[in-house]
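K.L.:
Using the sequences and the hints, build the whole thing.
Protein chains in written order, with the working numbering: chain A, 1 to 167; chain B, 1 to 167.
It is worth saying that the hints were derived from the structure and are not from the lab. Incorrect hints may have been included.
Heads up, the list lumps identical chains together, so a pair's fine if it works in one copy or across two of them.
The calculated lysine-lysine pairs, modelled on DSSO-like cross-linking and capped at a C-alpha distance of 27 Å, are [unchecked claim]:
1. Lys108 x Lys43
2. Lys56 x Lys126
3. Lys43 x Lys109
4. Lys43 x Lys4
5. Lys4 x Lys56
6. Lys160 x Lys25
Please read all numbers here as calculations on a predicted model, not as lab measurements.
There are 2 protein chains.
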Amino acid sequence: MKEKLTTLCYIEKDDCYLMLHRVSKQNDVNKDKWIGVGGHFEKGESPEECLLREVKEETGLTLTAFRFRGIITFSTDTFETEYMCLYTADGYEGDMIPCDEGTLEWVKKDRLWDLNLWEGDRIFLKMLLEDAPFFSMKLHYMGERLSEVMINGRAEDAGKMLEASEK
Amino acid sequence: MKEKLTTLCYIEKDDCYLMLHRVSKQNDVNKDKWIGVGGHFEKGESPEECLLREVKEETGLTLTAFRFRGIITFSTDTFETEYMCLYTADGYEGDMIPCDEGTLEWVKKDRLWDLNLWEGDRIFLKMLLEDAPFFSMKLHYMGERLSEVMINGRAEDAGKMLEASEK
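P.N.:
Dropping the structure here:
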């Protein structure tokens with residue numbers, strides 16, 4: 001078995017997260033969604049090497065302080081499973097550049113819920129904002145709908161968790 | 001990029017870790033080494049699903065309490081990169097069965113250093129015993145020798161770390 005590995009990072013400033021509105025690429029599984037910045041591991045990279053390279057490529061910024069917050073296992077009935085290393089960062093240097101995968105925007109943390117987000121992202125964003133300790137979360141999707149959630153190996157009620165994340 | 005994903009677990013009891021002496025398989029990269037129990041992810045598995053299945057297969061035990069302690073990136077100049085999810089566990093049910101990959105033995109934590117261990121394993125075992133918070137460690141090997149160590153994205157002195165792990 002070989003699997004797909006990615007990183008995702010929410011960069012923080014003034015009670016905002018830097019969000020990427022994926023409007024640029026056609027045939028983008030994230031088309032029109034708002035996500036953090038990040039991307040796929042290249043050969044031999046550690047999670048942090050991938051993180052630093054992807055953030056630099058997509059934003060122009062060099063991270064100087066970051067935290068590894070969790071691992072997300074995305075599974076579906078159709079696509080290969082993706083393992084995503086989830087980070088937040090609150091230190092960086094450099095100037096922001098336009099991102100060719102979409103539009104970068106600083107969004108107040110309490111306005112995140114108004115954005116077009118993946119359902120599972122709502123759940124882990126809430127855990128990030130609540131300063132949850134490191135977690136491993138499995139999200140199973142049927143198309144665009146979240147059908148199963150597991151946290152640290154324990155099954156949770158996906159519907160209830162989504163409802164809670166709206167609050 | 002697709003990568004190799006594995007889990008490794010040290011099960012604790014009475015100040016011992018359950019160690020697997022890999023003496024059974026020919027052509028085993030771990031031949032004669034002492035390691036924890038674990039193995040490769042199967043399709044669609046989360047880290048915890050892999051952990052529970054592998055521990056059950058190799059030991060007969062069902063874990064009831066475990067902690068995700070870190071991620072290890074193993075890189076070499078020759079082999080593909082491996083990403084290993086590292087756990088300790090202190091709760092389990094069931095009876096131990098013989099493992100067909102080697103001999104299982106409870107080893108006192110302060111005697112671990114006498115075993116034939118991989119150099120990098122000495123470093124992360126020390127961090128586990130010191131109760132380090134979740135960490136991401138990259139270990140680069142040239143053959144059997146550890147040549148580079150990074151912890152949470154920062155380069156460390158491999159020689160010094162190995163020396164410290166002997167104490």
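K.L.:
Are the hints correct? Go through all of them and say.
P.N.:
Evaluation of the provided hints:
1. Lys108 x Lys43: Cα proximity of Lys108 and Lys43: none, with 35 Å in one copy and 38 Å across.
2. Lys56 x Lys126: Answer is within: at 26 Å inside a copy they meet the 27 Å cutoff, but 33 Å across does not.
3. Lys43 x Lys109: Answer is neither: 34 Å inside a copy and 35 Å across each miss the 27 Å cutoff.
4. Lys43 x Lys4: Answer is both; intra-copy 12 Å and inter-copy 11 Å each pass.
5. Lys4 x Lys56: both (21 Å within a copy, 26 Å between copies)
6. Lys160 x Lys25: Classified as neither: same-chain Cα gap 33 Å, cross-chain 47 Å, threshold 27 Å.
Checked against the numbered hints above, the structure violates hints 1, 3, 6; every other hint is satisfied.
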